[in-house]
Amino acid sequence: MVDNINKQQEEETAKYQGAEDNSPLIEFKGVTKRFGDTCVMDEMDLKMKAGDRLVIIGPSGSGKSTLLRVLMGLEKIDKGEIFFGSNPYITVDRKGRTRTDMSVRSKIGMVFQHYTLFPHLSVMSNLTLSPVKVRGMARSEAEDRAREYLARLGMEDKLYSYPGKLSGGQKQRVAIARALMLEPKLMLFDEVTSALDPEMVAEIEKVMLDLAKQKMAMMIVTHDMYFAKKIATESVFIAGGKVIEKCDPEIMFNEPKQERTRDFLDKVLHLK
Amino acid sequence: MVDNINKQQEEETAKYQGAEDNSPLIEFKGVTKRFGDTCVMDEMDLKMKAGDRLVIIGPSGSGKSTLLRVLMGLEKIDKGEIFFGSNPYITVDRKGRTRTDMSVRSKIGMVFQHYTLFPHLSVMSNLTLSPVKVRGMARSEAEDRAREYLARLGMEDKLYSYPGKLSGGQKQRVAIARALMLEPKLMLFDEVTSALDPEMVAEIEKVMLDLAKQKMAMMIVTHDMYFAKKIATESVFIAGGKVIEKCDPEIMFNEPKQERTRDFLDKVLHLK
Amino acid sequence: MNFDFFRVLSYWDVLLNGLGITLLFTVSAVIIGTLLGFIISLMRVSPFRVLKWPARLYVEFFRGTPMLIQLFWIFFCLPLVIGRDIPPYVSVLLAMVLFMAAITSETFRGSLKSISGEQHDACVALGLNFRVKAINVIFPQALLRSIPPLMSNNVALFKESALISSVGIADLMFVSSNISSSTARPVEFLTAAAIIYFVVAFPATRLVDLVEKRLLLRFT
Amino acid sequence: AETTWERVKDAGALRCGAAIATPYVMKDPRTNTYNGFFVEMCREFAEHLGVEATFVDTNWDNIVAGAQSGRWDLSMALNETPERARAVAFSEPVSYYQVSFLYNKDNPKLSEGVNDLADIDKADITIAVMSGTVQDKAVTERTENANIMRLPGMDETRLAVMSRRADVLADANDTNLLFHHANPDWSVVMTPNPPIAPQGVAFGMNQSTPEADIQELNEFIIEKKEAGEIEGMIEEAAQLAVQQME
Amino acid sequence: MNYTFDFSVLVGNFGPLIEGLQTTLLLALGANVLGLTVGFVVCLLAMAPFWILRLPAKMFIEFFRCTPVLIQIVWFFYCVPILFNVFLDPITMGIMALGLNLIAFNAEAYRAGIQAVPKEHHDACVALGLGAWHKTVYVIFPQALRNAIPVLMTNGITILQQSALVAIVAVADLMYAGKMLATNTYRPLEVFTAVALIYFFMSLPISQVVTFLERRQDASVER
Ligand SMILES: Nc1ncnc2c1ncn2[C@@H]1O[C@H](COP(=O)(O)OP(=O)(O)OP(=O)(O)O)[C@@H](O)[C@H]1O
Ligand SMILES: Nc1ncnc2c1ncn2[C@@H]1O[C@H](COP(=O)(O)OP(=O)(O)OP(=O)(O)O)[C@@H](O)[C@H]1O
Ligand SMILES: [Mg+2]
Ligand SMILES: [Mg+2]
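These protein sequence lines are chains A, B, C, D and E, in that order. Letter by letter, the first sequence follows residues 1 to 272 in the working numbering. Letter by letter, the second sequence follows residues 1 to 272 in the working numbering. Letter by letter, the third sequence follows residues 1 to 220 in the working numbering. Letter by letter, the fourth sequence follows residues 1 to 246 in the working numbering. Letter by letter, the fifth sequence follows residues 1 to 223 in the working numbering.
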């Protein structure tokens, strides 16, 4: 049933104006992920095209974070494979071990709910650590680039502050800038606004909408359905380890096909 | 200016259908509250009628929590007085010490963001502790009443569970039941849903709407504007230690009079 | 050099006797010291300076000096100060109790402090008076949180108690160095004593870890 | 005020401070019973007073302080030194004492043997003594170059020589001889001539003990000495000590 | 109380006490140098992925944490020479005996510091493409060290106090000097009181710093 829906949806989404680049970027093929006895991803299939901004919604505990973490290489998988473009990215070898193509992984950036800035480093050092130490970028070049990104996010005056002195929204902006420093092909956002005060939410959502304008590919997990509707070019609803519905966000939020999606949205949008 | 607005609003709200009992319940008169140098409540005036459900909105740090905590007797004040009905409730004596009428305080109940259940007591003991130990109610009577309230909130099967074993939504329902056990005249809710998963938010909001139907007087601080609109019979916007706007929720959420209120709502409702 | 660890076996009852003395002193000091420590922790969190400061000074002093010198002082100097004879086992017990009280009072104070302000707020919102709040809300939680660190304190005292051998109490340490010299076999007997201490203390520390995990699971 | 012995009679027990020094004061680790000829003397004197003798464990550092602070009534096997005489009252001597030296004959530093104090008064030699004892004072006064290692009890001094942390053990001649009997394969005892710090070994008491009480104890001791019982006791204690070491 | 105090005995006798104090400081310092450096290495071994490295390190730690310091010192002084035929000067032996104990306790402190670094930071390092080496050196260790400092300092003072135990095996530290003086002057009350105060005033400033640091760390609980 899920396969059926997926096919049907793909035809529809192809027409959608937001998606401009039709080459595949990410493809999950039968990915299974278990934590002990609970099966969090159950032979999941999922496709995302290069120009897409995919919003993932679903009940708490449905495995949204796990999906992003698997994609970032933070969790092993038990079965299936994930492609990046046309190359295998994450696979499972004969002994059941997860194999990750590191060169691909470095093309993906992730921003977490709790900022995870390094408290002992200044904003500047947080941003330049990875480019300088891992990519071998010259320090001056990295610092220039850091300045540029921070300026773009309205944080140019906090270059040498320490994270402890920043507000939640400022920390999250720095975290986004830090991920962008590596110029990823795909950015993953896992509930990046849910630890923030409501006014700061608007601040971060604005930053993300700006990135969207620049055609950055994103996968976004959020509980803010209004924002989801606004940013998505594509949306999926997952529950019980399966993709229940994948379609154009217009359809998803206005007239979802599946009973469960409707149920969930009614609850979250306070319609019940 | 604020005084002007307040007067104007009071006339308007008097017509509002939700408010049925027009006797005054709570009145703040020139209440000032400082934390060191920051003035969190600046000669604040505020009135609430017995049948009201007052929603308080405002930017983070504007003193919403402080307002409720002052009313609950958790914070001292520096100036002004608060009336309950026609009796002085909280006053400041000549030496600047805050005087609280304890018999009035026991008519107010409060529910906190982080549940604050007592982790070492079962749900039942959490509920009966205060009625039995302080009010001197017979244990069997208290237990009967606890059963009744928990059943009303759909928690009859968790009577003897410990808080550690409950989900966030369940904990918050127990916390509400615990406050109701004392049959308060006024209930204060300080962001009671903001630590919950989105689906559980609906659960708690339903409980609060049920209470609203029973004409319980409530003061509610929330960041969920859609819920605020639904439950309020009266709404205030506070910022900078002052009441900026106080009016009918229909007016507040649709066509706020004040620039700052509009600004705030635009941001929080993602209209910008 | 040849070693004869079988020699140890023929003295097992003596060593066990020493362990008995060690445990006797430890257990007595744990019981009295914990009670005293609790009272001192209450003094330290009380709002009255006359209670707070002496308690603080006491704790700082006993945590700031070697237990050996505390023991010596109480053993040799206290009788001179009060001008009365104190039986040696009482002196030793007193030293251990005072030491234990100082460290457990810190443990209790830590757990009292670790109870969040929100719990106090909830008590006000429920109209609980001071007595109910203290007896039914704060103390039970503080006590539960203190259990694992208190158990660690007990293990620490058990180890520190080896010191009492230096004023002639025939505990495990004393007995083993005594046999070491009278049999001219220090390696065997000192090693045996170390192993006995380990055999008692190690499972105890494991138990502390276990209890800690259990309590955390249940109450957070 | 009550006299000391009257108080002892009231209390029903004569408390004796016991710092271990074979064969004067010994304690069997297996049974925790005390023996040694000073212990015997205590028991008999207690009997003389019509009370029980009880023993309080202590060490040589504290044996004087204990009598001073009234922790016990009699400090056993105390050597009569002028310093101690200022702090405690002495009884008649019960036996006589001099310092002897015990060493390991395989110790390369002492391969030429030890004949007098000069042979061990060298910078690379460490002499172990029980701190606070007469041998401690005597050796400290008479040596210039040797290191002195002061340890709290006899057990530790013996451990020090066994572990070769110390080269020489300075102790009472009787004590060293017994230790030598237990370890004949490696130990050698040298008793200097002329004797070092020859002196009486006596009971020590609090200085406030009335003269008459001291006199009563002295008469008791002299009686035993004249009856020749003391030699017998020493002999017996020595045999016991050697047995214990096996 | 019928005791007449006579603190004048101390006046002429500060020499030996000062010498003892020097030895005590030397012991504490030496043990801390060992404990801070080797303790770190042992901590790494105890957290190593190979049981061959992990097991001995853990056994070492547990053994030293579960036996009295006194027996460790006595054993070290009397048994090591018999067993291994090595003879070191008493101060070196003292430093080593105390140092071994401190190594075990500091290894635990370091481990707790490393484990206190939030799990999310490990994830963030992966997301930033930082390898194991960079992650450890630039992200984990600096934070772990900062977390561990108060405990390391507390352990440091504890070992200063425990160093008094070497007096029992006749290392001429402050405690030993005090004991000698108490015996020689027959004035234990005055001497032991003075010695206790010296230890106290050495520990006090450090424990105040620890309290200050802990308060500051509590205040900045953030990720
Ligand atoms: N490290 C882990 N070990 C065991 N179970 C885990 C682990 N991480 C997640 N889980 C379980 O996997 C399921 C999916 O978790 P996940 O965090 O992906 O859900 P989610 O959709 O992100 O939920 P939320 O909206 O609450 O963030 C949950 O049942 C969770 O308990
Ligand atoms: N105990 C306190 N000590 C010092 N300052 C405080 C204290 N409590 C609150 N404040 C300050 O008072 C101001 C108002 O705080 P309050 O918690 O009432 O705001 P709020 O409107 O509830 O904000 P939020 O929406 O973030 O909960 C803030 O600036 C806060 O920093
Ligand atoms: Mg999640
Ligand atoms: Mg608030």
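Hints were generated in silico from the structure; no laboratory data involved. Given the structure is predicted, the values throughout are model-derived calculations rather than measurements. Just so you know, not all the hints are guaranteed correct.
Straight-line C-alpha distance at most 16 angstroms; calculated EDC-like pairs for lysine to aspartate or glutamate [what the hints assert, rightly or not]:
#1 LYS206/B to GLU75/A
#2 LYS76/B to GLU188/C
#3 LYS267/A to ASP197/B
#4 LYS76/A to GLU214/E
#5 LYS79/B to ASP42/B
#6 LYS113/C to ASP6/E
#7 LYS267/B to GLU75/A
#8 LYS206/A to GLU199/B
#9 LYS119/E to ASP224/A
#10 LYS267/B to ASP224/A
#11 LYS267/B to GLU255/A
#12 LYS267/A to GLU203/B
#13 LYS267/A to ASP157/B
#14 LYS267/B to GLU199/A
#15 LYS229/A to GLU255/A
#16 LYS113/C to GLU214/E
#17 LYS267/A to ASP42/B
Hints, verified against the model:
Of the pairs offered as hints, the one joining LYS206/B and GLU75/A is violated, with about 37 angstroms between alpha carbons and a cut-off of 16 angstroms exceeded. In summary, the hint linking LYS76/B to GLU188/C is not supported, as the alpha carbons are separated by about 69 angstroms, beyond the 16 angstroms threshold. Restraint check for LYS267/A and ASP197/B: the C-alpha separation of about 12 angstroms stays at or below 16 angstroms, so the hint holds. With a C-alpha separation of about 38 angstroms, the suggested pairing of LYS76/A with GLU214/E is violated against the 16 angstroms cut-off.
For the suggested pair LYS79/B and ASP42/B, the alpha carbons sit about 9 angstroms apart, so the restraint of at most 16 angstroms is met. With a C-alpha separation of about 44 angstroms, the suggested pairing of LYS113/C with ASP6/E is violated against the 16 angstroms cut-off. Between LYS267/B and GLU75/A the CA atoms are separated by roughly 36 angstroms; this puts the pair beyond 16 angstroms, and the hint is violated. The straight-line distance between the Cα atoms of LYS206/A and GLU199/B is roughly 25 angstroms, outside the 16 angstroms bound, and the hint therefore fails.
For the proposed pair LYS119/E and ASP224/A, the alpha carbon gap of about 26 angstroms is over 16 angstroms, so the pair is violated. Between LYS267/B and ASP224/A the CA atoms are separated by roughly 14 angstroms; this keeps the pair inside 16 angstroms, and the hint holds. With a CA separation close to 27 angstroms, the supplied pair LYS267/B and GLU255/A exceeds the 16 angstroms bound. Between LYS267/A and GLU203/B the CA atoms are separated by roughly 9 angstroms; this keeps the pair inside 16 angstroms, and the hint holds.
Annotation: proposed proximity of LYS267/A to ASP157/B is violated, straight-line Cα distance about 23 angstroms (limit 16 angstroms). This hinted pair checks out: LYS267/B and GLU199/A have alpha carbons roughly 6 angstroms apart, not beyond 16 angstroms. Of the pairs offered as hints, the one joining LYS229/A and GLU255/A holds, with about 13 angstroms between alpha carbons and a cut-off of 16 angstroms not exceeded. Distance restraint check for LYS113/C and GLU214/E: the Cα-Cα separation of roughly 14 angstroms lies within the 16 angstroms cut-off, and the hinted pair is therefore satisfied.
A distance of roughly 39 angstroms separates the Cα atoms of LYS267/A and ASP42/B; the hinted pair therefore is violated under the 16 angstroms criterion.
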